[in-house]
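> Please build the complete structure, drawing on both the sequences and the hints.
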Amino acid sequence: MLKSDWFPLRLEGYSCFPPGITESSSRVTAGFSNALTASPPSHAESHAGCVFISDEEQGYDLDLFCIPRHYASDLERVYIPHGLILDRTERLAREIMKEMGGHHIVALCVLKGGYKFFADLLDYIKALNRNSDRSIPMTVDFIRLKSYYNDQSTGEIKVIGGDDLSTLTGKNVLIVEDIIDTGKTMQTLLELLKQYNPKMVKVASLLVKRTPRSVGYRPDYVGFEVPDKFVVGYALDYNEYFRDLNHICVISETGKEKYKA
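Letter by letter, the sequence shown follows residues 1 to 261 in full-length UniProt numbering.
Derived from the structure by calculation, the hints contain no laboratory data.
None of the hints are false.
Here are the simulated lysine-lysine pairs, DSSO-like style, with alpha carbons at most 27 Å apart: (1) Lys112 - Lys184; (2) Lys256 - Lys184; (3) Lys229 - Lys260.
Right under this line is the structure:
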């Protein structure tokens, strides 16, 4: 049950843009000549689209979905239903297979928020591997970064987990992240990985937030572009809460106050 003013109905080509928004629009896409660059990429080299959620989109009433009772007063609306997340993730898996298939890939999950997206994305890639002539040999690794205090990105990036990154030398790396907010965290991680000379780095992020605080970084694969609201669920947290919520929702002021550090 999709709103026609939110998502386009041009399904045969799986267009992911609302009326008036195209792949050449600077609000939706950007090019990626090299994932390790720290400067905003050229729009002319664009190849990745996303599902665009407008600033006016209010989402859905909580009563229409199965929400854990302990979160009932802590959320404003359901923003992206779980089924839509999974369908979009499956499409991203196809795009990754098309562009990276045939090459051994190290899939690097950014914990903790990325673990649900990472698990579902890899499940879809594995399904494609079983049913396609073009498959991706894949190994996995994990890294943990921290940049949030309550609902604000601090700008200070801490690497507090992960194996020896020297194992990524000469490898094709797919970084899987939950959300790109300002972009500073991902830029820091890319600069860190650059020291180990990987052969190639691509980034897949479930969400990209439109925010004036953005440094202009744009990942290679994007699920949804969302307004500048603090969203939780599907492993995205607020001080470790809401990871157990299936849908992506907007947290209420009551929820922020209840769970603030």
